[in-house]
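Relying on the hints, combine the two individually framed chains into one complex.
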Amino acid sequence: MYGIAKDVTIFLVLFVHKKNSLKPLNPRGCKMPNPLLTFEDIHTHIGPYHILHGVDFAVPEGKVTMLLGRNGAGKTTALRSLMGLWKPNQGRITFAGRDISKLPTPEIARLGIAYVPETMGIFASLTVRENLLLATGAAGFQPDRLDEVLALFPVLGQKFAQAAGGLSGGQKQMLAISRAIIEERRLLVVDEPTKGLAPAVILHLIEAFQKLKAARTTILLVEQNFEMARALGDTVAVMEDGRIVHRGDMAALAVDTGLQERLLGLSLAAHQ
Amino acid sequence: MNKLAPYLLLPAVMLAVIPFMSGSSWLALTVAGLAMGMMLFLMASGLTLVFGLMDVLNFAHGGFITLGAYIAVSVLGPLTGWVSSESWALNLLALLAAVVAAAIASGVAGLVFEAILIRRVYGSHLQQILITVGGLIVAGELIVALWGPQPLPLAKPAILRGSFLVFGATIETYRMAAVAVGLVVYAAMHLLLNRTRIGLVVRAGVENREMVEALGYRVRRLFVGVFVAGSALAGIGGAMWAEYQELITPSIGGEMTILVFIVVIIGGLGSVSGCFTGAMLVGLAANYVGFLAPKLALGSNIALMVAILLWRPRGLFPVGGK
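Residue numbers (our numbering), protein chains in the order written: chain A, 1 to 272; chain B, 1 to 322.
No wet-lab data here; the hints were simulated from the structure. Since this is a predicted model, take the numbers as computed values, not measurements. The C-beta atom is built at its ideal place from N, Cα and C for all residues, glycine as well. Heads up, a few of these hints could be off.
To be verified - Here's a subset of chain A near chain B, in silico, CB distances under 10 Å, partners left out:
id : residue
1  : G84
2  : I113
3  : L133
Said to hold, decoys possible - Derived CB-CB ranges, DEER-like:
id : chain 1 : residue 1 : chain 2 : residue 2 : range
4  : B       : P294      : A       : H45       : 54 to 64 Å
5  : A       : K211      : B       : L309      : 41 to 51 Å
6  : A       : D234      : B       : W311      : 47 to 57 Å
7  : A       : R70       : B       : W311      : 35 to 45 Å
8  : A       : D241      : B       : R120      : 34 to 44 Å
9  : B       : I302      : A       : E118      : 37 to 47 Å
10 : A       : H45       : B       : G148      : 47 to 57 Å
11 : B       : L309      : A       : T119      : 25 to 35 Å
12 : B       : G148      : A       : K102      : 43 to 53 Å
13 : A       : K102      : B       : W88       : 57 to 67 Å
14 : A       : L203      : B       : H190      : 35 to 45 Å
15 : A       : D99       : B       : R218      : 14 to 24 Å
16 : A       : R70       : B       : R221      : 31 to 41 Å
17 : B       : T196      : A       : F160      : 17 to 27 Å
Claimed, not checked - Listed next, the stretches of chain A that the computed footprint assigns to chain B, with coverage defined by at least 3 CB atoms under 8 Å from CB atoms of chain B:
id : segment
18 : 96 to 110
19 : 119 to 125
Looking at chain B on its own, in the form it has when it is part of the complex (with noise of 0.2 Å):
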């Protein structure tokens, strides 16, 4: 039972709320809260990855956020003929376009982010986070330098605005698609994962990576690419978040970090099943706690974190000895 906890949780968490709400606002609620939850796992996936196999506290992992939202401000522009027409081929194409721009864009920095800074305080927390906090501001200055401080519009594909409703509650159309991409990443997480001998040897290694470096694995390789993977995702959890936001700002990513953060400590560091419950609790409880207690909504995700801490001190689904 204690093991079967931290899945039943997010539908415990679900069901709770009902005698509160009604079913038109609950089920509007939930939706919103795991598109949220969506975009915080594409957000936070990478990072659990990287702190999980080589122990890397990266802070400067929302700059990578940031990166993607105005990369996609800038494939967007030039493709507004494609994004407010009304063939929904050109729509999902200029919005695939911003994703795929954006999640080279952030993979490319994160190969540079590594091969300056983070490969050189490996082993040293305190040197990880002075030198990934200084790389987030210079990563800022950077993006204010190039696209300027003022915040940029960014309009929706047209068959994602609006909304529909759903046994009256209402649905944006945005928040369904943020869940179907959420999804669709996360299964091929999980396939890559549990189905390759390269998800074998990640989840090894996050468990135990001196062992896996003395059954021959160059762990250093893979952790180059798993950073680069998680930079990318970064991206499109960025592209995805401006995208939903419709007008970004230079702190986009910087503001994220907290929740990443918690996400990742919620979910157990290294467990990407634990960072995706840990996303759709931190992104449900935002969407319930504002619509019941709006002066409560900014605590919320922190109450959430020390609550399950202090249930589960190493996460919901702590991986080795983490």
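Excised from the complex, chain A in its bound form (with noise of 0.2 Å):
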């Protein structure tokens, strides 16, 4: 009897955490301050198919949040419709009280979004200090500025002279998340920084993002590695099939290993 009762239990509450979970919420209606990025009932197309399926979540300023989802939920879309690569057929991003939807990519680039996309973007013909001084603006580098991202990827100044095209993966992803910072931006955008790089190289990806997010820099980070989710996620939202399907705090999530199993099929051996 006691047995019944106690599944029935389960069951109830299963139901209505994924009920709630399940429904698309309105961004503005979150209790978020300050969002400096909101995505509002985003549809993006790609082609015939239609990937984006009214996304809507928002970034608040200063912190650090998570994009979580299994392979094809629709991040990497997400992503590239943000930044104008992929134009989104409906809805409304907005950025510092801007609607960017329909902007250019270089435009809304110079609002002070920098992007480093799942392949990285390194220019493998260029030099390390070519690639950097790509995303510097028309006076080049700031001494302090290259000092501090070299001192956060040491690296890269061992090897500032080199083609890019010569470095390894993880120093390759170095570069691409220095690129994005040799600058000082309003909004950092990662894409999967992790992705095939050894576990030594993600440690010192994520003391690198540790310290920007010391510095209360605005990251949007799409990650799988659960690990770094929960090391450096403020907020969070988890995406499956082109929807937002759950939001809310990083810290609420990555004590929640049912939902983290419901949401990204994670097991409790995928990350204990």
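This is the structure we're talking about:
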């Protein structure tokens, strides 16, 4: 009798939880102070395929927001829609109070948004220095800022004059992140920085992001590595089939293994 | 070694033919080949950047070569006194006037062509081929309407006529001038691409246009500049080639188009250094094969392209994923 009651209770708790978490939420209704970036009902088509189905979420200023989800959930499409690389067909993306959903990519970047794509976007034939220089203003490097960035990833200083194509995968990712922060930006958008990297490199990247977080850099980070998400995230949005199915504090998701299992397919063994 | 190989190819080809000819023939043919290569480089360098930066296949590029040639005729016609003068300063001034006018006219034509046709077909190679081939036909007819269908003679400046002897080899003066102009343009392009911010953005854009845009650069605007510069260079190449041929026809650019595309493909799409090396190889191959086996001369450049693509399928100096 007790067993049946327990099962029914768990079922009801999960059902109510699922119902709440799967319901598309209005980002304007979020209890989120100072959202720097908001997605409102974003629909994006790629050719004949409808990829994003009304994505809603917000990125608070000075916080790290994790965008999680299984492969094919639409995370990369959401970031590319934000950068104007794939134009949203419907909905509004607002950055610092301005609708940017119709702006061309260069104009979006010039508002102070730095983007690190999943492919890293490193220019292989250019040197490390030239890759970084491309992201600076007309005046070139600010010496203090360059020193700070190279202190974060000292290996880049050692390979400053070498062609970026000769760097390892982890070093390329460090270069991509360095390029994104070589000038002060209002928002850092990073797509799966740990993909395919060795554990030691991932730890190094986590340390680097923690330093950026301590400096109150606003970051929107797509990640499949839950350890990294747990270590860095302040808030989280979870995507599934082109929709946001969960939104809230990362700390709450980090301790709710059932929710992790349901939203991300993570087993306890995967992150304990 | 594999990376060095494309750099060694040019001297290797030059050395490889030495046993088959006398020293003076080798020297004369090598200078002729390099001169032809330099003019080909002028014509092709813009095309490789246009393709590399915006993935645009511009078959109308030959139209800008033709326009440059005809503008040179029109400028040098009234300057006959300067062209045949004993004064080398007047000679060079006439040549400079022709080359600058050809560059400006082809550059302006490129600007109009990009605005009217090219920008409508970004992203579609099939449409680009159709519309640029159509553009080439229309441009050819416009040139016939303006200058007539008959071949037009063009005199070289007096100082660049004739030849001189070096180690028993007869070297045409104009060919040396073409080599000099080509080297100056290559050096200028090299400096522009490697020592300036705009060159850095162009090199990055050739490799990954999307990322350059995500860094805040307006690549579309940059592309228009590159297209205009490429058209202007084609005009300069056309003017130099016309001076070399001394008789021009409306098909002068169309005839060069196939060679220009071979140069761009051999070099690696989007690579200026590749374009330079490719142009030299095509020029040398045409001259060496023309001398050693005249019946094979017509197919020598196609054979060269096939051989290089079998060795390096993305060309001698591939750029990014192209």
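Now for the hints, and whether the structure bears them out:
At a threshold of 10 Å, the smallest CB-CB gap from A:G84 to chain B is about 8 Å, leaving the interface hint in force. At a threshold of 10 Å, the smallest CB-CB gap from A:I113 to chain B is about 9 Å, leaving the interface hint in force. A least Cβ separation of about 7 Å between A:L133 and chain B falls short of the 10 Å threshold, and the interface hint therefore holds. Against the hinted window of 54 to 64 Å, the Cβ-Cβ separation of B:P294 and A:H45 comes to about 59 Å, which satisfies the hint.
Remark: the range hint 41 to 51 Å for A:K211 to B:L309 is upheld by a beta-carbon distance near 48 Å. Between A:D234 and B:W311 the beta carbons are some 54 Å apart, a value that agrees with the proposed interval 47 to 57 Å. For A:R70 and B:W311, the Cβ-Cβ distance of about 44 Å falls inside the hinted range of 35 to 45 Å, so the restraint holds. Our hint of 34 to 44 Å for A:D241 and B:R120 holds, since their Cβ atoms are close to 36 Å apart.
Evaluation of the 37 to 47 Å hint for B:I302 and A:E118 yields a pass: the beta carbon distance comes to about 41 Å. A hinted range of 47 to 57 Å holds for the C-beta pair A:H45 and B:G148, which are about 53 Å apart. Checking the proposed 25 to 35 Å range against B:L309 and A:T119 shows it holds: the Cβ atoms sit about 27 Å from each other. In this structure, B:G148 and A:K102 meet the distance hint of 43 to 53 Å, their C-beta atoms being roughly 51 Å apart.
Range check, A:K102 to B:W88: about 60 Å between beta-carbon atoms, so the 57 to 67 Å window is met. Hint check: A:L203 to B:H190, Cβ distance near 43 Å, so the stated range 35 to 45 Å holds. For the hinted restraint 14 to 24 Å between A:D99 and B:R218, the CB-CB distance of approximately 20 Å keeps it satisfied. Our hint of 31 to 41 Å for A:R70 and B:R221 holds, since their Cβ atoms are close to 40 Å apart.
Checking the proposed 17 to 27 Å range against B:T196 and A:F160 shows it holds: the Cβ atoms sit about 20 Å from each other. Remark: the segment 96 to 110 of chain A is confirmed as covered by chain B, as 5 of its residues place a Cβ nearer than 8 Å to a Cβ of that chain, reaching the required three. Only when three residues or more bring their CB closer than 8 Å to a CB of chain B does the claim for the segment 119 to 125 of chain A stand; here the count is 4, and the claim holds.
No hint from the list above goes unmet by this structure.
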